[in-house]
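**Student:** Going down the list, the sequences are from chains A and B.
Mapping of the first sequence onto this note's numbering: position 14 corresponds to residue 14, and the numbering continues sequentially without gaps.
Adding 84 to a residue's 1-based position in the second sequence gives its number in this note's numbering.
Keep in mind that the hints are not guaranteed to be accurate.
[Claimed, not checked] Reference excerpt, derived from the structure (chain B facing chain A, CB under 7 Å, subset only): (1) Leu143; (2) Tyr200; (3) Arg269.
Hints are computed from structural coordinates only; laboratory data are not their basis.
Yeah, the Cβ is synthetic: ideal placement off N, Cα and C, and Gly gets one too.
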Amino acid sequence: MKEKCKDHFKKMSEYLDGTLEKGLCEEIESHLNECPDCVKCLESIKKTIKLCKDGSEENMPADLHERLRLKLRDCLNMNALSVF
Amino acid sequence: MVTDYSEASDHQLIADFKDGSMDAMDKIVERYETRLFTFGRKMCGNIQDAEDIVQETFLSAFRYLNSFREETKLINWLFKIAARACMKKRRKKKCEPDGHLSLDSFYTEEGGNSTYEIPDWSNDPSDNVLRSELGQIIDKAMQSLPPNYRIIFNLRDIQGFNTEETSEILDISIASVKTGLHRARLFMRDKISSLYKEAKIA
């Protein structure tokens with residue numbers, strides 16, 4: 001990786017998140033206009049985030065909600081006097 | 085009489101719970117259990133541990149509700165408890181990946197041809213990697229990411245907390261959240277790409 005690319009590479013996540021200060025942002029954008037490798041790199045990070053986020057919700061086991069509810073009532077009732 | 089808590093704010097629910105309402109407690113649980121379960125499942129890699137995390141988090145939260153500062157968001161506080169529980173669980177496991185990720189390890193070879201193949205969830209019939217396999221690939225990648233980075237990735241990119249919130253939840257600096265997240269993303273990208281390429285050939 002070229003040294004110039006390395007500098008921008010460090011800041012790619014912040015750039016993607018929109019939290020990079022304006023000056024650095026403009027520098028990266030200007031670099032992206034002339035560096036297809038960095039464009040690919042940025043895209044690959046973006047796709048990774050999207051993939052992980054989109055498939056993320058897990059299904060709770062069907063009975064967990066009820067078991068949890070009962071367990072909490074059980075434990076908290078037992079400790080009723082010491083909770084507050 | 086059962087109160088309809090569907091529109092109640094978290095603070096209202098907390099107040100009612102402190103007054104002894106178990107319905108308010110149920111509502112808080114219902115509101116956040118799935119998110120906490122998802123977080124636990126992704127951190128710990130299995131359902132049983134995820135269940136433990138959810139249970140421990142709520143038990144702890146309700147027991148120590150008096151230490152909850154009302155200017156904080158309840159969800160952030162719950163995740164602070166859950167994050168601690170996950171890291172504690174992790175310390176008891178033997179086969180967790182360890183270590184530090186250095187940025188240099190992600191630099192591509194100059195002149196090299198590194199292509200990253202990152203799939204998406206759209207059902208492409210010509211793609212022989214099934215959705216379920218894709219889920220497993222992501223899971224495997226996540227479990228091989230060292231826990232300190234995994235937790236940042238989980239909070240920021242999966243759960244959607246911002247940098248400041250993540251810093252607060254984990255009690256680490258903003259700079260640590262930023263560098264940790266960047267390295268986690270790069271690791272996940274590389275790992276998912278290589279696992280996906282393997283799966284396509286198989």
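**Student:** Now tell me, hint by hint, if it's right for this structure.
**Tutor:** Hint-by-hint comparison with the structure:
| no. | hint | verdict |
| --- | --- | --- |
| 1 | Leu143 | 6 Å, holds |
| 2 | Tyr200 | 4 Å, holds |
| 3 | Arg269 | 5 Å, holds |
Taken one by one, the earlier hints all hold for this structure without exception.
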